[in-house]
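Undergrad: Sequence:
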Amino acid sequence: MLILKKYGILSISIFILLIYAFTGDVYAQSIEYLRGKVIEITSEDLDLDFGGGMSGDVQYFKVEVQSGELKGQILELENTSFGDEVYDLWFEVGDRVFIEVYETDQGFSGHVVDYQRDIYLSILLVVFLVIIILIGKIKGIKAIISLGVTIILILKILIPMILRGYSPFYMSLLTAFASTLITYIIIGGFTSKTIGALAGTLVGLFLAASISFMISGLAHIKGISGDEINMLLYLPTEINLDLTGLFLGGVIIGALGAVMDVSISISSSISEIKKNSPMISFKGLFLSGMEVGKDIMGTMTNTLILAYTGASLPLLLIINAYDFSFTRMINMEFIAIEFVRAMAGSIGLIAAIPATALTTAYLMTRKEMKKDV
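Counted from 1, the sequence shown has number 297 at position 297 by the numbering used here; the numbering is strictly sequential.
Derived by calculation from the structure, the hints in this document are not laboratory data. In this text, a Cβ means the ideal position worked out from N, Cα and C, and glycines have one as well. The reader is advised that the hints may include incorrect statements.
Listed next, with one range per pair, are the computed distances between beta-carbon atoms [stated by the list, open to error]:
| # | residue 1 | residue 2 | range |
| --- | --- | --- | --- |
| 1 | Leu48 | Gly217 | 30 to 40 Å |
| 2 | Leu181 | Asp88 | 40 to 50 Å |
| 3 | Lys62 | Tyr87 | 20 to 30 Å |
Produce the complete structure using the sequences and hints provided.
TA: And the structure:
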């Protein structure tokens, strides 16, 4: 508890300040988007005929504005639902919402944009931070800071640079390198353990990027898959986004966490072995690191593949429901995209094992090796 009292509030404050300093409140730039609370459902008209074979439900309700210049005012709004479970909203008294407000001849009106979810996400974030600090103590605090730096690199460097027309592929590589270097230095300092983990991570990421680049060309994978990617084609900008590069960048960023995890685990294990057995040879350290890596390899490859499978689960359900053959399924681009992501990331993860073990073992024993020479 002393660690939590001494460092917990400070680290959480640093994390939040970093995020707000570099990203700001996403709703602060537009006064039209206001917070509100549903205080009364006035009436509901169900199963209305809108013509053309369309029918839907209409809901009339009152919302109390809770932010901005209109704070405290009551707006009477309406909401239409057409039975679409994905996009339709249906409100109850007490729901907290975001409202897009506009001025009319009769005063102010508007419509609900979405629910307020940031309150509950903030609670989840605080729980996450507290658990990290309680379990990790000083190292947990360092992990929080490194996480904040990584988020800043992605939100304030990677994404803006891509939107300015820079290559998503190369920007993702640079971001991954910067994130890896900063994270390792914050957590472990500039030591042989850190250098070994960094070398293994870079080898793994480079191999994952190279494989995904080669396969995307051979298999004619353009990277266009899903509603979000298609929406990028119509961004209000003159920049022509490189969608294939965006796909390749996604492979790099997606594999980064797992490859870093494997590399630092092997490097730390070798460091501890050397600390407890100072006379151990380079070969002994290398083989020990490889054994640790082999044990990690099975679970971490599962982690990557299951993560990508989980993200594609709705698509897999659709494919199975329509009884597509395996040959047809595997040749669909969105399936090929997820397959390449999982396989390239896993190959990069596996390659990081010998690279980390070799580099760290050499750095830990280079003085002894020079004496022998």
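Undergrad: Give a verdict on every hint.
TA: Results of checking the hints against the structure:
For Leu48 and Gly217, the Cβ-Cβ distance of about 52 Å falls outside the hinted range of 30 to 40 Å, so the restraint is violated. The hinted window of 40 to 50 Å between Leu181 and Asp88 holds, with their beta carbons roughly 46 Å apart. For the hinted restraint 20 to 30 Å between Lys62 and Tyr87, the CB-CB distance of approximately 23 Å keeps it satisfied.
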